[in-house]
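Participant: What follows is each chain in one-letter form.
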Amino acid sequence: RKEVEQDPGPFNVPEGATVAFNCTYSNSASQSFFWYRQDCRKEPKLLMSVYSSGNEDGRFTAQLNRASQYISLLIRDSKLSDSATYLCVVNPNTNAGKSTFGDGTTLTVKP
Amino acid sequence: SQTIHQWPATLVQPVGSPLSLECTVEGTSNPNLYWYRQAAGRGLQLLFYSVGIGQISSEVPQNLSASRPQDRQFILSSKKLLLSDSGFYLCAWSVLGTRAFFGQGTRLTVV
Numbered sequence: 001r002k003e004v005e006q007d008p009g010p011f012n013v014p015e016g017a018t019v020a021f022n023c024t025y026s027n028s029a030s031q032s033f034f035w036y037r038q039d040c041r042k043e044p045k046l047l048m049s050v051y052s053s054g055n056e057d058g059r060f061t062a063q064l065n066r067a068s069q070y071i072s073l074l075i076r077d078s079k080l081s082d083s084a085t086y087l088c089v090v091n092p093n094t095n096a097g098k099s100t101f102g103d104g105t106t107l108t109v110k111p
Numbered sequence: 112s113q114t115i116h117q118w119p120a121t122l123v124q125p126v127g128s129p130l131s132l133e134c135t136v137e138g139t140s141n142p143n144l145y146w147y148r149q150a151a152g153r154g155l156q157l158l159f160y161s162v163g164i165g166q167i168s169s170e171v172p173q174n175l176s177a178s179r180p181q182d183r184q185f186i187l188s189s190k191k192l193l194l195s196d197s198g199f200y201l202c203a204w205s206v207l208g209t210r211a212f213f214g215q216g217t218r219l220t221v222v
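The listed protein sequences correspond, in order, to chains A and B.
Letter by letter, the first sequence follows residues 1 to 111 of the working numbering.
Letter by letter, the second sequence follows residues 112 to 222 of the working numbering.
Excised from the complex, chain B in its bound form (with noise of 0.2 Å):
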C-alpha cells in the first residue's frame, strides 16, 4: 500500500535560519508531488508541483525551493526564513486522474 512520510510535525524556527522540509512518498513510483502552504484559517496555497525527478513547476513567487533528487522524495527549502513563512506545510502526491494523498503536514513557526 502507499504511504506519505513528512516530517517534522512542528518545527519552530528563528528568522533568517534555514529550513529543510522532508516528504517521501512509498509504494508507487512516478507520482506527482506538491508542496502546499496553508495559513490559519485560509485554504491550500500551491506553492510546487513535480511531475518528475528534478521537475519542479513553482506556482508563486516567494523565499523557499523545492528539489525532487528522487522520484519519490521532494525537499522543500529555504535559506533565510521570514515571519510570512509561518504557516502549516503539507506535502501531497496523486497519479494521473486520482485523488491526492496528502502527509500530516508540518506546522512551522518562525520567530
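Just chain A, with the same shape it has in the complex (with noise of 0.2 Å):
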C-alpha cells in the first residue's frame, strides 16, 4: 500500500461544477497536509495547506480527517483555469522524515 493514495482520474466536468478529491495516507504521526497543482510541464506549486479545522480560500477548500486519516480538496464553481493536476502532500512529524506526495488527480474542466 502507497503511503499516500488520491482518487484516481482523470475527472472531466463542466465549467461551474464542483468537484471534490479525497487523498488517504497510512503514518497516523503525520504532521501537516498540503494540496498542491501542477501545470503541464511545469513544477508543482501550493496551492493551499490543510489545518485541523478545515480552511478554505475563495473556491477552494480543504479539510483534513485525522481520524480516517484523509484529506479532501472540494473545488466550486470550477473553471477553465482550473484544470490542472492535483498533488495532495503528506509531512512527517520530524525533520528526518521526507514529504510524501500523492501521484495526483488529473481535473479537465470543459466549457
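No wet-lab data here; the hints were simulated from the structure.
Computed from a predicted model, the values in this text were never measured in an experiment.
Just so it is clear, CB atoms sit at the ideal spot from N, CA and C, and this is done for glycine as well.
Check each hint, because a few of them may be wrong.
To be verified - Listed below are several chain B residues computed to face chain A (Cβ distance under 7 Å; list not exhaustive):
| # | residue |
| --- | --- |
| 1 | Trp118 |
| 2 | Leu122 |
| 3 | Gln124 |
| 4 | Gly154 |
| 5 | Leu155 |
| 6 | Tyr160 |
| 7 | Gly198 |
| 8 | Ser205 |
| 9 | Arg210 |
| 10 | Ala211 |
Assemble the dimeric complex from its two separately framed chains, guided by the hints.
Facilitator: So, in C-alpha cells, the structure goes:
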C-alpha cells in the first residue's frame, strides 16, 4: 500500500461544476498536509495548506479527517483555468522524515 | 526570501553518457532537500532526500546517485545514462513541517 493515495483520475467536469478530490495517508503520526497544483510540464506549486479545522480560500475548501486519515479538496464553480493535476502532500512529524506526495489527480474543466 | 535554482531546464543526452544536475537553495539553512522524477503523465517519484550535508537516503534502486557537498547544494548524477532515465527531474526543499518548494525542473531526454 502506498503511503499516500489519491483518487484515480481523470476528472472531466463542465465549467461551474463542483468537484471533490480525496487523499488517504497511512502514517497516523503525520503532522502537516498540503494540496499542490501542477500544470502541464511545470513544477508543482502550493495551492493551500490543510488545517485541522478545515480551511477555505475562495472557491477552494480543504478538510482534514485525522480519525479516518484522509484529506479532501473541494473546488466550487470550476473554471477552465482550474484544469491541472492536483497533488496531496503529507509531512511527517520530525525533521528526519520526508514529504510524501500522492500521484495526483488530473482535472479537466470543459466549456 | 528563499529561492531555489535548478539547471539546466532541458537536456538531451545520449545513452551511456554521464549526467550532473545541480540544485541550490538560497535564503534558508539546513533544509531537507529532495530529488524527484516524473515520467510523462505520471506522479512524482521520490529518488533521494537529504536532511544534512553528506546524508543521502535513496528511495529506489536505480542508475542514479545524489550528493550534498554543501548545506544548500544537491547534485543528481549518473555515470551512464539509460533510455529509462528520461523524465522530468525536480529538486525541492522544505524545513520541518512546512511546505515544499520546487525548482523549475529539468526535462531530460536520453536518446
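Participant: Now look at each hint and say whether the structure bears it out.
Facilitator: Against the structure, the hints come out as follows:
Interface hint status for B:Trp118: violated, as the beta-carbon distance to the closest one in chain A is roughly 13 Å, over 7 Å. The beta carbon of B:Leu122 is not positioned within 7 Å of any beta carbon in chain A (closest approach about 15 Å), and the interface hint is therefore violated. About 19 Å separates the beta-carbon of B:Gln124 from the nearest beta-carbon of chain A, more than 7 Å, and the hint is not met. Against a cut-off of 7 Å between C-beta atoms, the interface hint on B:Gly154 holds, since the closest Cβ of chain A lies about 3 Å away.
Hint on B:Leu155 holds. Least Cβ distance to chain A is approximately 5 Å, under the 7 Å limit. Checking B:Tyr160 against chain A by beta carbon gives a least distance of about 5 Å; that is within 7 Å, so the hint holds. The restraint placing B:Gly198 at the interface with chain A is violated, with a minimum CB-CB distance near 12 Å, outside the 7 Å limit. Checking B:Ser205 against chain A: minimum C-beta separation of about 6 Å stays under 7 Å; hint holds.
This hint holds: B:Arg210 has a C-beta 5 Å from the nearest C-beta of chain A, less than the 7 Å allowed. Here the hint on B:Ala211 is kept, as its CB sits about 5 Å from the closest CB of chain A, short of 7 Å.
In this structure, the hints that do not hold are numbers 1, 2, 3 and 7, in rising order.
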